[in-house]
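Since chain D is already given, all that's left is putting chain Y on it; use the hints.
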Amino acid sequence: MEEVYFYATCLVDLFYPDAGMAGIQLLRQAGVRVVFPEGQTCCGQPAFNCGYWEEARDVARTQVALFPRDLPVVLPSGSCAGMMKVHYPELFHGQPDEAQVRAFSARVYELTQFLVDVLDVRLKDLGEPVKVTWHSSCHAVRDLGLNGEPQALIGQLSNVELSPLAREQECCGFGGTFSVRQPEISGAMSCDKAADAESTGASVLLSTDGGCLLNVNGTLEAKRSPLRAQHIAEFLWERTRAR
Amino acid sequence: MHAENEVSFRDAAAEALLDPQLRANFRRAMDGLMSKRRAQFPDPGDLQELRDLSTAIRTRSLLALPDLLEQFEAKATRNGIQVHWAETCEQANELILGILRSKGARTLVKGKSMVSEEMHLNDFLERHGIEALESDLGEYIIQLDGETPSHIIMPAIHKNKDQIARQFSQKIKDAKYTEDVDELTAMARKVLRQKFLEADAGLSGVNFAVAETGTLCLVENEGNGRMSTHVPPLHIAVMGLEKVVATLEDVAPLYAILTRSATGQAVSTYFNLITAPRGAEEKDGPREVHLVILDNGRSRIYADPGLRATLRCIRCGACMNHCPVYTRVGGHAYEAVYPGPIGKILTPQMEGVGVRHDLLHGSSLCGACAEVCPVEIPIPEILVRLRREATHDDVGSNVAGRGTGHTAIEDWTWRLWAMVLKHPAFYRIATWFATRFGNLLPARAPLLRNWTRSRTKPLPARRSLQERLRAEGGPHV
Numbered sequence: 110m111e112e113v114y115f116y117a118t119c120l121v122d123l124f125y126p127d128a129g130m131a132g133i134q135l136l137r138q139a140g141v142r143v144v145f146p147e148g149q150t151c152c153g154q155p156a157f158n159c160g161y162w163e164e165a166r167d168v169a170r171t172q173v174a175l176f177p178r179d180l181p182v183v184l185p186s187g188s189c190a191g192m193m194k195v196h197y198p199e200l201f202h203g204q205p206d207e208a209q210v211r212a213f214s215a216r217v218y219e220l221t222q223f224l225v226d227v228l229d230v231r232l233k234d235l236g237e238p239v240k241v242t243w244h245s246s247c248h249a250v251r252d253l254g255l256n257g258e259p260q261a262l263i264g265q266l267s268n269v270e271l272s273p274l275a276r277e278q279e280c281c282g283f284g285g286t287f288s289v290r291q292p293e294i295s296g297a298m299s300c301d302k303a304a305d306a307e308s309t310g311a312s313v314l315l316s317t318d319g320g321c322l323l324n325v326n327g328t329l330e331a332k333r334s335p336l337r338a339q340h341i342a343e344f345l346w347e348r349t350r351a352r
Numbered sequence: 412m413h414a415e416n417e418v419s420f421r422d423a424a425a426e427a428l429l430d431p432q433l434r435a436n437f438r439r440a441m442d443g444l445m446s447k448r449r450a451q452f453p454d455p456g457d458l459q460e461l462r463d464l465s466t467a468i469r470t471r472s473l474l475a476l477p478d479l480l481e482q483f484e485a486k487a488t489r490n491g492i493q494v495h496w497a498e499t500c501e502q503a504n505e506l507i508l509g510i511l512r513s514k515g516a517r518t519l520v521k522g523k524s525m526v527s528e529e530m531h532l533n534d535f536l537e538r539h540g541i542e543a544l545e546s547d548l549g550e551y552i553i554q555l556d557g558e559t560p561s562h563i564i565m566p567a568i569h570k571n572k573d574q575i576a577r578q579f580s581q582k583i584k585d586a587k588y589t590e591d592v593d594e595l596t597a598m599a600r601k602v603l604r605q606k607f608l609e610a611d612a613g614l615s616g617v618n619f620a621v622a623e624t625g626t627l628c629l630v631e632n633e634g635n636g637r638m639s640t641h642v643p644p645l646h647i648a649v650m651g652l653e654k655v656v657a658t659l660e661d662v663a664p665l666y667a668i669l670t671r672s673a674t675g676q677a678v679s680t681y682f683n684l685i686t687a688p689r690g691a692e693e694k695d696g697p698r699e700v701h702l703v704i705l706d707n708g709r710s711r712i713y714a715d716p717g718l719r720a721t722l723r724c725i726r727c728g729a730c731m732n733h734c735p736v737y738t739r740v741g742g743h744a745y746e747a748v749y750p751g752p753i754g755k756i757l758t759p760q761m762e763g764v765g766v767r768h769d770l771l772h773g774s775s776l777c778g779a780c781a782e783v784c785p786v787e788i789p790i791p792e793i794l795v796r797l798r799r800e801a802t803h804d805d806v807g808s809n810v811a812g813r814g815t816g817h818t819a820i821e822d823w824t825w826r827l828w829a830m831v832l833k834h835p836a837f838y839r840i841a842t843w844f845a846t847r848f849g850n851l852l853p854a855r856a857p858l859l860r861n862w863t864r865s866r867t868k869p870l871p872a873r874r875s876l877q878e879r880l881r882a883e884g885g886p887h888v
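Chains D and Y are the protein sequences, given in the same order. Just so we're aligned: the first sequence equals residues 110 to 352 in my numbering. Just so we're aligned: the second sequence equals residues 412 to 888 in my numbering.
Don't read these hints as lab results, they were simulated from the structure. Heads up, some of the hints might be wrong.
Unchecked claim - Coverage of chain D stretches by chain Y, computed from C-beta distances (three or more under 8 Å per stretch; other residues unrestricted): (1) 205-217; (2) 223-234; (3) 241-252; (4) 268-282; (5) 289-296.
For glycine and all other residues, C-beta sits at the position ideal for the given N, C-alpha and C.
So that you can see chain D by itself, here it is in the shape it has in the complex (with noise of 0.2 Å):
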């Protein structure tokens, strides 16, 4: 039986667990043994992006150390697995353990990608009719190269709609401490995602990233709007899940 690491990131650990729960019974469903290391935090990537890469190394080295073994590490972010994979060799350039490093990022994964590209899992729709909309986290797709794996996976499923978004790679607004740091152009950013989503008539809004989701979901909160915003993960696995 194939083995992988499941690394939860700090935002599905805190604000998703039930994706998290999710991202792991859909490994173990597709016949992978998930092997979750204590001692997960965070990847680093706040402070990397913000400019305090030492920082940023202290909490990646805590992390990689995690995953001594030569196995699949499995996100459900493709924020996370991009910093990860794409700029931890960026960070790590010139430090003693870079070749160490490089080693890991090379084992990363994004969820979604894992269960479309390595498992080629094939899912079997157990849900009611619904319409969904999906959007594209801007990390998943521009830094570690998602291409169509979560609408790959959400087209498996039989009696699921996908309405797109008008402008589906568009960012969301969050941006990390962006969100904080320019809260007018990220609002203006968010509103406007909502709306977009709002428009597909659609009933919940799909996405791989814990940020897109806390951003997108607090926006349609505010505007009293019944729409929601669901991890990918979540959702795949309580339409498969057998009851």
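For chain Y alone, coordinates are given in the frame of chain D:
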């Protein structure tokens, strides 16, 4: 440490967001430009091939920049173009004033040039009694109102047709009110034609300078560039020192990707190749051609291999057309000559990462800019690098204003952040508190109140994932 005279992008952007007309003008214009660009690149493979080639040409040109500049100067000089060098904008302005005065020139008609905007040349010349008239339609429109460009390719894009109609009827002598675009254009054309005939000198920018032939290439759509460079007896061109390429062959792919990325055109209406002043036997063209090559911080950017990619830019504006921030706030909010994503990395490097650190944080790092950049400038990566420069002065670089864009509170926050996150025990305590008491934080708490301006409070789950997994004897090892 915080730099003095800090400029607040946040405040200017917040103000711009309150103007629905402005937001509508930009959204509509940028949507149009995005779809026109998309139509020019139907095949992603072909596009990537052209980007690879263009990136390689610009990278190779920069690698050989000192040699190419020397070669270009020698060749251009042999062709009869008088080449001048300016380290600063002040020097460039003085040089141009000197050239104009030596010819007794009192009026200057200008083709579009962002470098001349960088120099604030118009103001400078006005102060010295020389009239500088913009002849690019967009530049002409904003000059009438004393504004600066809000976009590097379409300087008046913040205005719509109705606003321009009102403005022309008020500012142009004997003009009647009309919203007909052709009539409006004809009005400006009438004024400008006369000016072209009367002007003592013409000024232009440069898109590419070709080292092997000493040629200046100028891309434009209105013919005003050709008029500015050919009708008056004196032509002065200005360019940043990064513009040079080795051969004419290098120009073809750059030109092809420039017009497609900028305005979604396969070719521009005009493409001017200027190699020499009027020859003894020739009947038209300027008697004298001068070129002012400006540094203004570019050689400092050039010297840093991690930042050099900034200078690959061919000024197409695609990054701003596709930027979710620019699209919403417009160009003026940046309070910089170069707005949008390229401006966010260029301006702080020119003016100092401390005074303009707000620009560095005016990005969600979404990467839409780098995705469309024809020469693949890694703008988000450079933004992060510059954020590092703004907050640290021990990186070993030579970035302007390094270490002057942060506060002690910020430093301590990140130290504390790292302290918690590198010790799982601390993290466990922190998440325990957040899950139990996170909901008690008032929505007006510092930072949280920025979040809750447009959103509800983010509520932590009642139990963290790790706590649940531990309770269920989950898949730990």
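Right, here's what the structure says about each hint:
no. : hint    : result
1   : 205-217 : violated (count 0)
2   : 223-234 : violated (count 0)
3   : 241-252 : holds (count 4)
4   : 268-282 : holds (count 4)
5   : 289-296 : holds (count 8)
Checked against the numbered hints above, the structure violates hints 1, 2; every other hint is satisfied.
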